[in-house]
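Q: The whole structure should be built from the sequences, with the hints applied where relevant.
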Amino acid sequence: MIPLLIGISIISFVAMYAAGDPITIITMGRPTITEAQRQAIRIYYGLDKPIPVQYVNWLSNILRGDFGISFGGQPVRLLIGQWFWPTVELQLISILLSVALSIPIGIMSAKNRYSKRDIAVTSVALFGVSMPTFWLGIILIIIFSHNLGWLPSAGAIGVPYLWPVFGIADPSLDHLAHLILPVTVLTYVSFAQNVRLVRANMLEILRSDYILAARASGLSERLVIYKHALRNAITPVITHLGISLGSVVGGAPMIEYVFNWPGLGRRFVDAAMNLDFPVIMGITMIITLMTLVANLIVDLSYAFIDPRVMVE
Amino acid sequence: MTEQGRTKTRVTDRSSASQWAVAWRRFKRNRAGVAGLVMVSTLILVAIFHGFLALYPARPDDRAFTPFYRRDTAQPPSLKYPFGTSAIGTDVFSDVIHGSVWALYVGVVATAITMGLAILVGAIAGYFGKWVDNILMRITETFLVLPSLLLILVFVRVFSISAGTGTWQFLGISLPPSLTIVVLILGIFNWASNARMVRGEFLRVQDLEFVQAEKALGASNWRIVFRHILPNILSSIILNATLTIAYAILLEAAVSFLGFGDPYTITWGQILKENFSEMRTVWWAEVFPGLAILFSVFGFNLLGDSLSDALNPRLRE
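So the protein lines, in turn, are chains A and B.
Residue numbers for the first sequence follow the numbering used here, so the first one is 1 and each next one is one higher.
Residue numbers for the second sequence follow the numbering used here, so the first one is 1001 and each next one is one higher.
None of these hints come from the bench; they were simulated from the model.
Keep in mind it's a predicted model, so treat the numbers as computed, not measured.
Just so you know, even glycine gets a beta-carbon here, dropped at the ideal spot from N, CA and C.
Treat each hint with caution, since some may be false.
Said to hold, decoys possible - A few chain A positions that, by computed beta-carbon distances, are all more than 10 Å from chain B:
| hint | residue |
| --- | --- |
| 1 | VAL56 |
| 2 | SER220 |
| 3 | ALA272 |
| 4 | THR284 |
What the hints assert, rightly or not - No more than 35 Å apart at the CA atoms, straight line, and that leaves these computed lysine-lysine pairs for DSBU-like:
| hint | chain 1 | residue 1 | chain 2 | residue 2 |
| --- | --- | --- | --- | --- |
| 5 | A | LYS227 | A | LYS111 |
| 6 | A | LYS227 | A | LYS116 |
| 7 | B | LYS1028 | A | LYS116 |
| 8 | B | LYS1215 | B | LYS1130 |
| 9 | A | LYS111 | B | LYS1028 |
Said to hold, decoys possible - Pulled from the structure, derived: some chain B residues nowhere near chain A, Cβ distances all over 10 Å:
| hint | residue |
| --- | --- |
| 10 | ALA1021 |
| 11 | TYR1056 |
| 12 | LYS1080 |
| 13 | GLN1212 |
| 14 | ARG1223 |
A: Quick look at the structure:
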């Protein structure tokens, strides 16, 4: 895990700075800046040193909890601290909802293969993986926010007025109203991916010999499915969750952008647009770290699900 | 279980049919797959005949702004403008039709790069094994965990700043530089999962008898890889390429929508981005380009899913 983290930080660091001197790129369109001023900025951010030295400096600062200063002038650590929780809130709710929905529905779908319900589930799932996430968000905003006026279209809290839910203007209800649309979109997209996985695995498992043996020994259908088949069917889903958390959090920029959600993804888009390298590196590292921690949790959870795996 | 019994009895009498003929027969029976094929063919035909189908020429031609000059900016869909007109005064229908060319360009070229890299890495890792495999798979894992969309955004931004606005010549075809940078970067960041797939297939095939026999006969590595292993895993490569095309189209739309795309090449994501801030008024300019993306990606995904059913050796007739 640690070598992987260092590997990723090296890849992103070197690739970013190898593209050219950031100060030159950022100030390209501004003829009034003199070369001496550029050099002063470089020295201020430590960009005048060779890349390996910069990397070691950056890494040792990170280890001390210092993410540097953004090109906008604020410490990156404080910025990330502000943006971190809204993203985690959005992601956690949607992941939990999508897992809770996709496992039973995927099993139901595999059990009744080619039934009307199965075809409905697979089509809904295929739509989910074929749709640009942000476009679904736009459509929901157009319908529920612009036309029906039921839900707010942007932000995490009502500004300047709280959004009334059933006529009650309360901060927590207001926040809930802001959550509904982005959570719906994220849940649907992640549900679509997971349900396809659960269904495919379940189909394969239902054909295997040990399920036949379990059925032959006279176990009830419920016990066969939920005790013998389920454990094997959800292992790949959990693996997928662990691997994809990076792209899930990474996929959030579109959703956070569409709904103007004050999270890491939304700010990352701004930082990438302005080439604010300290912020970019900080967010990349935080998201990578989250992915790796998720992977670790996944590896540990195998021990609970699969009795063949032991934690040493 | 009865299903399995039935399929087993039918094995013998069709031994002469080639792998591809069997796959095509299975594919034809799958209505979803045929629908996918029709959708993808439609996309290709629209892209070929975009000049005839569109009502107005593509930008940067000034005639693309005809609705603007007629004071028809932000008009809802009508007979005159089937998909309405955009907030900047172009005909959304024409924009969508012209966009199909770029969707195919993005999908096919990015996938070619992805698959090329994936086959290279997967083949070397799978064929040579041992420490080569070990190192390459560690690198692959690193790329899998990488938050790729975030890095794609940064890379696209950095490289498009230096790209300029002219055109690039490649084999006599002029390519839009910014979009081509997007395509290259999308291709480069997506190879990891496909490389794992190719490696797995290599490991599966190279233990089979015919490869062992060829090795015993003293064939060169090149011959074994290109004449014997690659043709046998071609079906998996084609099916994964189909799904990768769909994914690349989606990613490009996202990159363009977030404002990192090529402002001089009007892809579907670009249309969505141009009208996003005005979507309260010009909702049609958000709906129709999105439907075009959905149609194409859905088509490629249907095709890929059905191919995987048709080519799956475990379900052989």
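Q: Determine for every hint whether it applies to the structure shown.
A: Going down the list of hints, with the structure as the test:
| no. | hint | verdict |
| --- | --- | --- |
| 1 | VAL56 | 20 Å, holds |
| 2 | SER220 | 18 Å, holds |
| 3 | ALA272 | 4 Å, violated |
| 4 | THR284 | 6 Å, violated |
| 5 | A:LYS227 x A:LYS111 | 15 Å, holds |
| 6 | A:LYS227 x A:LYS116 | 26 Å, holds |
| 7 | B:LYS1028 x A:LYS116 | 21 Å, holds |
| 8 | B:LYS1215 x B:LYS1130 | 18 Å, holds |
| 9 | A:LYS111 x B:LYS1028 | 25 Å, holds |
| 10 | ALA1021 | 25 Å, holds |
| 11 | TYR1056 | 24 Å, holds |
| 12 | LYS1080 | 23 Å, holds |
| 13 | GLN1212 | 28 Å, holds |
| 14 | ARG1223 | 35 Å, holds |
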